[in-house]
Each structure stands twice: as C-alpha cells, then as structure tokens.
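Asks: Each chain, letter by letter, is given below.
There are 2 protein chains.
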Amino acid sequence: MSEIVKIALIGLGTVGTGVARVLLEESERLTRRCGKQIKLAKVVVRDKSRPRHIDLPDEMVTDNLQDVLDDESIQIAVQLIGGINPAKDYMERLLDSGKHVVSANKALLCEHGEELFSRAREQGRTIAFEAAVAGGVPIIHVLSQAMVGNQITSIEAILNGTSNFILSEMFLGGRDYADVLREAQELGYAEADPALDVDGTDAAQKLGLLTQLAFGTKVSLDQFPRQGIDKLPLEDLLYADELGYSVRLIAVARLLNEQLEMHVQPTLVQLDKPLAQVSGVNNMVALEGDVVGKTWYSGYGAGQNPTASAVIADLVDTVAGRSDLIFPFMDLWSDRPARKVLPAEEIRRRYYMRFSVLDQPHTFAEMADILGRNQISLASIIQHETPESPEANGESRQIVPVVIMTHMTTEGRIRAASAELAELKSICPDPVIMPVLD
Amino acid sequence: MSEIVKIALIGLGTVGTGVARVLLEESERLTRRCGKQIKLAKVVVRDKSRPRHIDLPDEMVTDNLQDVLDDESIQIAVQLIGGINPAKDYMERLLDSGKHVVSANKALLCEHGEELFSRAREQGRTIAFEAAVAGGVPIIHVLSQAMVGNQITSIEAILNGTSNFILSEMFLGGRDYADVLREAQELGYAEADPALDVDGTDAAQKLGLLTQLAFGTKVSLDQFPRQGIDKLPLEDLLYADELGYSVRLIAVARLLNEQLEMHVQPTLVQLDKPLAQVSGVNNMVALEGDVVGKTWYSGYGAGQNPTASAVIADLVDTVAGRSDLIFPFMDLWSDRPARKVLPAEEIRRRYYMRFSVLDQPHTFAEMADILGRNQISLASIIQHETPESPEANGESRQIVPVVIMTHMTTEGRIRAASAELAELKSICPDPVIMPVLD
Ligand SMILES: NC(=O)c1ccc[n+]([C@@H]2O[C@H](COP(=O)([O-])OP(=O)(O)OC[C@H]3O[C@@H](n4cnc5c(N)ncnc54)[C@H](OP(=O)(O)O)[C@@H]3O)[C@@H](O)[C@H]2O)c1
Ligand SMILES: NC(=O)c1ccc[n+]([C@@H]2O[C@H](COP(=O)([O-])OP(=O)(O)OC[C@H]3O[C@@H](n4cnc5c(N)ncnc54)[C@H](OP(=O)(O)O)[C@@H]3O)[C@@H](O)[C@H]2O)c1
Chain A
1 MSEIVKIALI
11 GLGTVGTGVA
21 RVLLEESERL
31 TRRCGKQIKL
41 AKVVVRDKSR
51 PRHIDLPDEM
61 VTDNLQDVLD
71 DESIQIAVQL
81 IGGINPAKDY
91 MERLLDSGKH
101 VVSANKALLC
111 EHGEELFSRA
121 REQGRTIAFE
131 AAVAGGVPII
141 HVLSQAMVGN
151 QITSIEAILN
161 GTSNFILSEM
171 FLGGRDYADV
181 LREAQELGYA
191 EADPALDVDG
201 TDAAQKLGLL
211 TQLAFGTKVS
221 LDQFPRQGID
231 KLPLEDLLYA
241 DELGYSVRLI
251 AVARLLNEQL
261 EMHVQPTLVQ
271 LDKPLAQVSG
281 VNNMVALEGD
291 VVGKTWYSGY
301 GAGQNPTASA
311 VIADLVDTVA
321 GRSDLIFPFM
331 DLWSDRPARK
341 VLPAEEIRRR
351 YYMRFSVLDQ
361 PHTFAEMADI
371 LGRNQISLAS
381 IIQHETPESP
391 EANGESRQIV
401 PVVIMTHMTT
411 EGRIRAASAE
421 LAELKSICPD
431 PVIMPVLD
Chain B
1 MSEIVKIALI
11 GLGTVGTGVA
21 RVLLEESERL
31 TRRCGKQIKL
41 AKVVVRDKSR
51 PRHIDLPDEM
61 VTDNLQDVLD
71 DESIQIAVQL
81 IGGINPAKDY
91 MERLLDSGKH
101 VVSANKALLC
111 EHGEELFSRA
121 REQGRTIAFE
131 AAVAGGVPII
141 HVLSQAMVGN
151 QITSIEAILN
161 GTSNFILSEM
171 FLGGRDYADV
181 LREAQELGYA
191 EADPALDVDG
201 TDAAQKLGLL
211 TQLAFGTKVS
221 LDQFPRQGID
231 KLPLEDLLYA
241 DELGYSVRLI
251 AVARLLNEQL
261 EMHVQPTLVQ
271 LDKPLAQVSG
281 VNNMVALEGD
291 VVGKTWYSGY
301 GAGQNPTASA
311 VIADLVDTVA
321 GRSDLIFPFM
331 DLWSDRPARK
341 VLPAEEIRRR
351 YYMRFSVLDQ
361 PHTFAEMADI
371 LGRNQISLAS
381 IIQHETPESP
391 EANGESRQIV
401 PVVIMTHMTT
411 EGRIRAASAE
421 LAELKSICPD
431 PVIMPVLD
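Those protein sequence lines, which keep their order, are chains A and B.
UniProt numbering puts the first residue of the first sequence at 1, with every later residue one more than the last.
UniProt numbering puts the first residue of the second sequence at 1, with every later residue one more than the last.
Just chain A, with the same shape it has in the complex (with noise of 0.2 angstroms):
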C-alpha cells in the first residue's frame, strides 16, 4: 500500500474541474509516477450551490478556506481562482498554515511573486507555476531543469491563445475583429471580458514571470511597451501578408549588452519562421540559451484540459518531493544586482507603418522629408493605385493608403516622427505601426 498524500482544490471552476477529474478518474497513473496515492480532500468553492460538471461527495466540498487550513493533514493546495483578490490573501494562509502549493494565477504571481515566492521559502514551503505560463507547454520545467546549464539569451514568444486565434481566424478568414473575437467567446477561448487577453496585459504579466526566470530580474507591466491586437484592422494583416509577413501578439525579452530588451506588441514575423506558422489558440515559446542554441516549445496555451496537464504536472513533483529540489533554486530571488531594462527609446528594430494619406501633391514628400529628419530611412513601399476618381477633376483627392516599410531604426525615432506626421494635415490620425522580428 503505497503511501497517502491528502490535498486541497481552492476553485472548481475551468480549470479546477479539469484538474478534479484526473484526480478522480486517473488515480492509478498518478501512483505509479509518484509513488504516493494522491487524495483530494477537500474542494473549496466560493458558491456551494452552483452546479458543477463533476460529481463529488457533498461532504468533500466547503465554502470556507478555514476547513482546509484547520485541516493538517492536508499537505497540499492547488489553488486555482483568478485574480488578485482574495487570491493573495488565500495563499498566503495556505502557506502560512504550511501547505505547499500550485498555482496557475499568472496575475498573481506576476504582481505578488517577490512576497509570495519569499514567504513560501521562509516557510520551507513551495509554489509550484507551470500552469501559470503559456498552458499545456512545460516552459516553466524547461527553464527550471533542463536549461540549467545555460544563460538564457532571448525569449521570444506567443502567449495568449485568444490573441492568436483571433490573428489566425482574421487573416484566414478575412473577417475583422468584432466578428472574430464573438466566436472567440462563443468557443470558451475569450473571457466574458476579453480586455487583459486582447491588450496584451496577460501576455505581459507571463513574460514577467518568464523573465524572472530566466533573468533573474523582476520587471513590472510599466517598464516596457506593451500594446494589444484590439486596435488592429484586417487591412494591415493583408499588407504583412503581401510584404512576406506574418502578424502576431509577440512577447519578447532578451539580452542586449547586459541590459533587458522587453516588449508586447503585434510584431510582423517573417513566414517562414516558426513563430508565424503558429495558428489558432496554440502558444509557442522560443527560447535561446548561450549553450543549447536556439529551441522551440508549443502547444495549447489554455482551454481546461492543457492547463490541467501542467497543474498535475506541478502536483506530481510535489507529492514525489520534486519541488522542494526545484523551487529554492529557481531564479526568483536572485541576490545578484537586477538587470536594467532597456529604455523603450532605445529598442532597435525594423518597422511596419501604414498611413491614411490624402492623394494630393507634395504629401509624399512631407513624409518623407520628417521620416529622413528622424533618421529613419525606407526599404520599402507599397503604394496600389486606385481609380483616378472622376470628380476630383484630374486633381484627385481620395484617402490611400501608403505601407512603409524601414530600415533598422529605434523605437525612440519612430515616436518622434509619428508626432510629427501627426500634425500633417494630409495624414489622418491614428497610422498603424508595428515592428519587425528579426
């Protein structure tokens, strides 16, 4: 008879009944991997009564965190509800009342980390996250255990699923975004308030926690650019697509001469690269190390099951006693000096800009001589002809579109001339600007 390991569920909601069921229905598997029994003990809901897609004893489920931190036998809590309120407060207790934990609370842990990630280690406890980043991809194992023996160099990354799909179901479809993010909701993929998936805020807080580990340094949401795919037309898909682009939400950090280039925003991303081919609500994580080279991890980035296979994961290395090996040596609380991060001014890439212009003489040439003032110097333009328009009376004055493609330059020089065309009476407000992976 193998041994028992009692746990607790704080939340039975997506995730956690995912997490329930292969607690309940795979016991046999678990046993065999870790050489215990894994018990669920208890589950903690917030409304008793609701009803749930899975059947469990009514004497199992309580509405009271207290039961499980009374309980000492209970020796670990996957805690799995959302947000900061009263997530923080609940791990807290948890791990003051000595429960190793799980978590899949990207929010949290990339808001709260520093504390909760100290206060577990004070306490000889654990916080195990896997399900926190990037969904059924294993990238924090990755990074904890199999990429010890490099310095990480660069992160670059797709990791909110919802943004993904509704890029991919956009440029295939030729739909915009209103209609795409609905069937999003329609299909589970986007919340009910998609706000933090589609304004690149969750990709954000899981590059946070990401870069921790990787770099050692804590970086909050304000220290870096950070822009959502909630502002972006169909249009600007099809000219990436022309120019030999593909467009998606990318999250990267990496290393530029010891200090942390850091950003969030949609990136056009050359066809042929792996991270453009990655469609749907998948994530990919591509990864350099100073030894290995280059690697690249994907798969679903959320959705019940995924998330579920990451939390057991977690679960399985702490019952096994796993993670009292991994956790303390995990690069959260680095004694070494934080890196700096890059001023956003000084990012150097290339850039995508598509202006709405009025199709009068001299234009062009405003644009051109502000961009040239800035330094910003042009490899490429799409300007498509359109009809001469009958009443402009040969001076035709219709809006066009002209798609600008630069040369290396910085995102400093980039903002500077966009004020400047900004005060040009012959370009509408608001061009589409987006930069280049390289």
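Keep in mind that the hints were calculated from the coordinates and are not lab data.
There's no promise every hint is true.
Note that the list lumps identical chains together, so a pair holds whenever it fits in one copy or between two copies.
Under the rule of at most 30 angstroms between Cα atoms (straight-line distance), these lysine-lysine pairs were calculated in the BS3-like manner [what the hints assert, rightly or not]: (1) K273 with K294; (2) K340 with K36; (3) K88 with K48; (4) K340 with K218; (5) K294 with K36; (6) K294 with K39; (7) K218 with K36.
Assemble chain B with the ligands onto chain A, guided by the hints.
Replies: Frame of chain A, contents of chain B with the ligands only:
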C-alpha cells in the same frame, strides 16, 4: 561555502569536451542552480597523448577507469563514450561501485537499457539520459516530468539531425544525396561512417527509448519497419513538393486500439505541418497526450554544445538529488503487460509511389490492375508529358516516371502489390515508395 560534489567524466570527445568546458567556465552558474559546487575530479580517455581542445591539469586525466572506481569521493560519472563495448562494461562497473551515471549513449541504452536500468535501481543509483535523444531538446524531461498527468497517445518525430540536414539541403539546393552527405561530413554533422545516421538506425534507437518511456514497452528494432534516406533520389523530393508535401525521416510510435504502431521511414509530410518545416540539423518531437493534446518540441538534435546542455541538465538534477526522485518513477520497468506491436502489414496509411515505366501501350493498365486487385485505390497520378522521341517511329519507348498517391491502404497491400509489380517487364525494378503522415 557550499557542499562540493565530485564527479568524473568518462570520454573527452565531442560531447565530453563541451561538458568539461561548461563545468570549468560556468561553475558559479551551476552552483547557484543546485546549491552545491560541482567539481570535475577525473577525466578518463582512451589515449592520454591525444591533443585536446581544452586545458586540464595532467593529474586529472587518466586512461584507467579503475582510478574513478576506486575513488569513493566521486559520486557521479558522466559517461560520454559511444558504442556498446566497452561502454556497457564501464557503466556496469560504475554503477556497481556506487556512482550515479549520466549518459548520452542511445545505442547502448536502446539495446541494453533494461539490464542497465535495473542494475542502477538495485544499486539505488540513477541513470539520466536526456542527451541520448534529440540533443538539446529536453524531451526526456518532458516525458518523465511535465507529461506525467497524461497517457501519451502519439509520438511523431524527427530524431536524426544528419538525415534532416541532408533532406533539406538536397531539396533547397537541388543537389543529390552524395553531394550533400559529403558536406554534412565536412561540417561535422555526419560521422566518418554515417551509416547508422542515414539508414534510420539512430532514429530507431531513439524512438525505442522514447517508446519505453511513453508506453512502458520495450520494443526491439526488428519489430517495426525501418528505412533510411540513403537511397532517396532528389527527384522524389521535387515530386513530393509538387504534391504539397515535404519529405522527412519521420519516427512514429502511437497507440492504435491499445496496440503500438511504430515505424521509421522517409515520409511525406504536408507542407503546413510543423514537422515539414524543420530544416537543417534540427530535431522535432510532436507529442500527443490524452490530457494536454498536441505539443511540439524542437531545437538542435546534435552537436557539441546542444548535447552538452542536455548532459549538464541531467548532471545538475543528479547533484541536486532530483534524479533520485525522477528515475525510479520512469516507465522503464513496468510491471504492467507490455503492449503488442502492430504487425507491419497492418499499418494503415496513404502512400506515395514512383514507378519508372516503359512508355508503351497497356503498361498503365497492367499497373492499375495489380494495384486494384490488391485493393489499393488511387487518389492522384502525375505523369508529366515527355517529348515524343523521333526514333521511336510514333511508338515511343522511353522510360517515364509515373507518380501515384494512394488512398488509405495497408503496408501489407503495398508490399504485395510491389512484389507483383516487380514481375512486370514494363516497369523498372526499385520503385520509390513512401508513406504519408496524416
Ligand atoms: N481557463 C484557462 O484556460 C486558464 C489557463 C491558464 C491559467 N488559468 C488561470 O487559472 C486560474 C483559474 O482559472 P479558471 O478559468 O479555472 O477560473 P474560473 O472558471 O473562473 O473558476 C474560478 C473558481 O474559483 C472559485 N472562487 C473564486 N473566488 C473564490 C473565493 N473567494 N473562495 C472560494 N472559491 C472562489 C470559483 O468558485 P465558484 O465556482 O463557486 O464561483 C470557481 O470555482 C486563474 O488564475 C486563471 O488565470 C486559466
Ligand atoms: N556528437 C554528438 O553530437 C552527440 C549527440 C548526442 C549524443 N551523442 C552520444 O554521446 C556519446 C559520445 O559522443 P562523442 O561524439 O562525444 O564521441 P567521440 O567524439 O568519439 O568521443 C568519444 C570519447 O570517448 C573516449 N573513449 C572511447 N573509448 C574509450 C575507452 N575504452 N576508455 C576510455 N575512453 C574511451 C575517447 O577517448 P580518446 O579521446 O582518447 O579517443 C573519446 O574522448 C556517444 O554515445 C554518442 O552517441 C553524441
């Protein structure tokens, strides 16, 4: 002052030199990541007088394994010599003398893994072997930790970097096999005797190891179809492309009605699938689990540094004590009944076939008749028009290629039809036949 763990390196060739360099140059990094100081105490080579690409104190290097066996202060041996003899004997003696072992030797572990793993287990020692499969891609960590919640249902992989380099260079450069093989050897990708790389043996050995971990079943190489890329003409890569496929050396192990379907063959892969896009010496493993769904892992499949990265990860796991909590739970000594391997004849796929036929009346009817009688139905046919040959007096008698894509059929029917077709006078011997990965 952190605890010191003494280790020995057995073999200082390509990989060994890479490992020694990381140990010496990145000792601070490694100490931080396992809490102990790893001290390279002894290096065993065959020929002490050979010049080395790394500077080591004379007294560290020996040509006598006994020096390591006798030194009780050495806790871990990193064994990086290839082949079976004396590698097997060495590993047994190292385990018997109480050392943990890290190895990259897939040939040895595929052929004698069962005995060696059991021996380690009896001695309370561990064998870690991340570097034995897919170089820098941490697929062993993924299978033994990150995917523990899953029953793996399918492995589809590119596991031999040399073969993949040759196939992608042949296609991209329009070059023939012999020409690219020479380049691969010059670049150090292919060994002086590249037979095991290009005939599919190396990939099959790696698939054998993955199969054991994923399905708890030891399969010997003669139990499944294995074919290399060493006889593949450029022509077929071009026809495949015309049909929308890329040719890759694909290793497959998947569950089909509780049986194991396995094969290593040059295979047509649809151009938009991730496996089709792997180029150069990269490897990729596509893993499907019953909880996580499909996930992909890729990176350099061989080479000094990528392989060293994998060895170091295992070494750090072993030093940190994690291997003690991973190795015993790997599916290496399943007491469950082994899964049956699906007989080759019953493997169901679509197939690509190219015949060289004498361009005369009735040839095609004869071919079609044989295929039809073997219940192979045709999905598409390519026969490009050839110029009429003037000498042929209207009856052209050239040899022309006919390319056929079949509908789903079995390996058994394909083999039966091939045998009959070989009898036809109007068809040249040795058609090219490759399965399609669906
Ligand atoms: N869904 C995904 O695909 C996914 C992927 C990766 C990571 N995650 C993360 O996983 C976590 C859980 O996500 P989810 O999608 O499973 O959320 P969810 O479906 O909204 O479920 C949340 C659960 O937490 C419970 N809960 C909320 N507040 C509580 C409180 N004060 N006390 C007790 N229980 C409380 C809810 O109880 P009631 O059922 O009674 O309301 C519900 O069962 C989040 O941090 C999320 O970011 C989710
Ligand atoms: N190369 C790769 O990219 C790669 C990738 C993955 C896995 N692997 C595996 O890693 C292992 C090592 O490969 P490698 O490429 O490093 O091989 P290698 O360059 O041929 O080096 C072999 C080393 O083993 C030593 N050696 C051989 N027989 C010995 C003996 N009887 N006693 C003591 N030392 C002996 C040799 O000593 P001398 O130097 O004195 O001759 C040499 O240093 C193999 O199992 C291989 O399959 C290699």
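Asks: Against this structure, judge whether each hint is valid.
Replies: Hints versus structure:
no., hint, result
1, K273 with K294, "both (12 angstroms within a copy, 20 angstroms between copies)"
2, K340 with K36, "between (44 angstroms within a copy, 28 angstroms between copies)"
3, K88 with K48, "within (21 angstroms within a copy, 60 angstroms between copies)"
4, K340 with K218, "within (10 angstroms within a copy, 51 angstroms between copies)"
5, K294 with K36, "between (37 angstroms within a copy, 28 angstroms between copies)"
6, K294 with K39, "between (40 angstroms within a copy, 28 angstroms between copies)"
7, K218 with K36, "between (36 angstroms within a copy, 25 angstroms between copies)"
Consistency with the previously given hints is maintained throughout, with no hint failing.
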